[in-house]
Structures are given as structure tokens and as C-alpha cells.
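Generate coordinates for the entire structure from the input sequences, incorporating the hints supplied.
Here the UniProt record's numbering is used: the first residue of the sequence shown is 1, the next is one more, and so on.
Rather than coming from a laboratory, the hints here were simulated on the basis of the structure. C-beta: ideal position from N, C-alpha, C; glycine also. There could be a bad hint or two in this list.
Stated by the list, open to error - Label-pair distances were calculated between CB atoms; the ranges are:
(1) 204 - 164: 48 to 54 Å
(2) 20 - 131: 32 to 38 Å
(3) 20 - 117: 21 to 27 Å
(4) 132 - 202: 29 to 35 Å
(5) 97 - 154: 18 to 24 Å
(6) 164 - 128: 31 to 37 Å
(7) 194 - 158: 33 to 39 Å
(8) 167 - 112: 31 to 37 Å
(9) 190 - 53: 26 to 32 Å
(10) 185 - 96: 19 to 25 Å
(11) 58 - 173: 33 to 39 Å
(12) 176 - 96: 21 to 27 Å
(13) 190 - 167: 31 to 37 Å
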Amino acid sequence: MKSAWLEPAQTLGDHIARLAAIEAAADSVQAWQPLFIPGLLQSYAYAVEAIHATTPALPLEVVGQRAEERRQRIDRLGRPGARSIRVIVDEAALYRPVGGYGTLVGQLEHLLSLVALQPSLSVQVLPQGAGAHPGLVGAFTLYRAAGQRAAFVESLTSSEITTRPEDVAAYASSWERLHDLALSPQESVQLIEGTRETLCRRLKTAR
Numbered sequence: 001m002k003s004a005w006l007e008p009a010q011t012l013g014d015h016i017a018r019l020a021a022i023e024a025a026a027d028s029v030q031a032w033q034p035l036f037i038p039g040l041l042q043s044y045a046y047a048v049e050a051i052h053a054t055t056p057a058l059p060l061e062v063v064g065q066r067a068e069e070r071r072q073r074i075d076r077l078g079r080p081g082a083r084s085i086r087v088i089v090d091e092a093a094l095y096r097p098v099g100g101y102g103t104l105v106g107q108l109e110h111l112l113s114l115v116a117l118q119p120s121l122s123v124q125v126l127p128q129g130a131g132a133h134p135g136l137v138g139a140f141t142l143y144r145a146a147g148q149r150a151a152f153v154e155s156l157t158s159s160e161i162t163t164r165p166e167d168v169a170a171y172a173s174s175w176e177r178l179h180d181l182a183l184s185p186q187e188s189v190q191l192i193e194g195t196r197e198t199l200c201r202r203l204k205t206a207r
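This is the structure in C-alpha cells:
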């Protein structure tokens, strides 16, 4: 387990395996996502559309496989125990029709179900009126387990898992700032539910 936190991956397969090992061992997960519903919380249909949109050259069978892997992550992480999963998502992601508004409604329903069924999961929404903040640089995820800490950052052409203390500290500071700006978990659930209801009405009107 120690090697997964400390040794750099040599291939894409090694990188994915390293991230999976870190995530499985983590007792704390803190994620920020400004563009999509985070992969950890994506429904299968939403994940397929998100993966295909961001990596259009990927074969469809691989897209489906990765979408199913995303769907299963929360089941593994949400098992009983001391694990804490805290997610902050930008309000704009609640309105972005990934796969169309029908898929988005299904995703919001999936998100609400996860919050209701997973005691270890906390979801907060950063309101659009929050102004400038450190999360504008991009998405990231922080992991912690038995004194080890790591940050995962992904871009269009590459991704990085860093355990350098100065890097992790910078992302941790950014996450705390986002947490201070975000709505409470209760307010966030109300906003998600309200958005879902509005989209449902829009879909009915469009028929």
C-alpha cells in the first residue's frame, strides 16, 4: 500500500491502478469539481456522455466500461466505516445538460439518492454568486489515509497524483476556502432538489 502513495506510475495502467489503490485505502476524500457532477457521483448515463464528450476518440466499449467503473466507485467508498467523503460542486454543473436535460434530471435524482443513502457522503454546492475563488484553477481531489496525503489533478491530456507536502497543502487550503464559500449540505440538497423540479417542469412543457 505504501508504494501506491509514494511510487510514480510508469504507464497509464499503472497510473489508474495507483489512483484506485489510494482511493480504496483513503479514510478521507475531499473533491472539488467546477464543470461536471464529480465522477464519483455520476450515474451511468451521465458518465457515458461526460466521458464521450471529453474524449471523443475513445472507443464506445471503453467509454461504457469506464462509465460503469465510475458508477461502482461510490459503492466501494460508501461501505460502513470511518470514511468521510466530502464533495463540493459548482452550481453551474447542476444546469449543464450533459447528455440532454433528461439525462441531467436522472443525474440529479441519482445524486439526491446517494446523499440520502450514504451517511458518509456530504455534498455542497458553491453558488454562482461566490465570486473569484481558488477553485477556478480547476478540479482536484484530496485523499488521506493513516498519515499519508495525496492530491489528484486531471487535465485534457494528462493527470497527476502528487504527495509532495507543499502541493497537498496548497490544494487543502483551496478546498477549505471553497468549503467556507459553499452552501451548507442542507441548503445544497434543497438547491439540487429545486433544480431537478424546475428541469422536470421544463421537460413536461417541451413535450
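Hint-by-hint comparison with the structure:
Take residue 204 and residue 164: their Cβ atoms lie about 51 Å apart, and the range 48 to 54 Å holds. With their beta carbons about 36 Å apart, residue 20 and residue 131 fall inside the hinted range of 32 to 38 Å. Against the hinted window of 21 to 27 Å, the Cβ-Cβ separation of residue 20 and residue 117 comes to about 23 Å, which satisfies the hint. Checked against the hint of 29 to 35 Å, the pair residue 132 and residue 202 passes, with Cβ atoms roughly 30 Å apart.
Checked against the hint of 18 to 24 Å, the C-beta distance between residue 97 and residue 154 comes to roughly 22 Å, which is consistent with it. Under the hint 31 to 37 Å, the C-beta atoms of residue 164 and residue 128, about 33 Å apart, fit the expected range. A hinted range of 33 to 39 Å holds for the C-beta pair residue 194 and residue 158, which are about 37 Å apart. Between residue 167 and residue 112, the C-beta spacing of about 34 Å keeps the proposed range 31 to 37 Å intact.
Between residue 190 and residue 53, the C-beta spacing of about 29 Å keeps the proposed range 26 to 32 Å intact. Residue 185 and residue 96 have their C-beta atoms about 21 Å apart, which keeps the hinted 19 to 25 Å range intact. The beta-carbon spacing between residue 58 and residue 173, approximately 34 Å, falls within the hinted interval of 33 to 39 Å. For the pair residue 176 and residue 96, the beta carbons lie near 26 Å from each other, so the given range of 21 to 27 Å is met.
For the pair residue 190 and residue 167, the supplied restraint of 31 to 37 Å holds, since their beta-carbon distance comes to about 35 Å.
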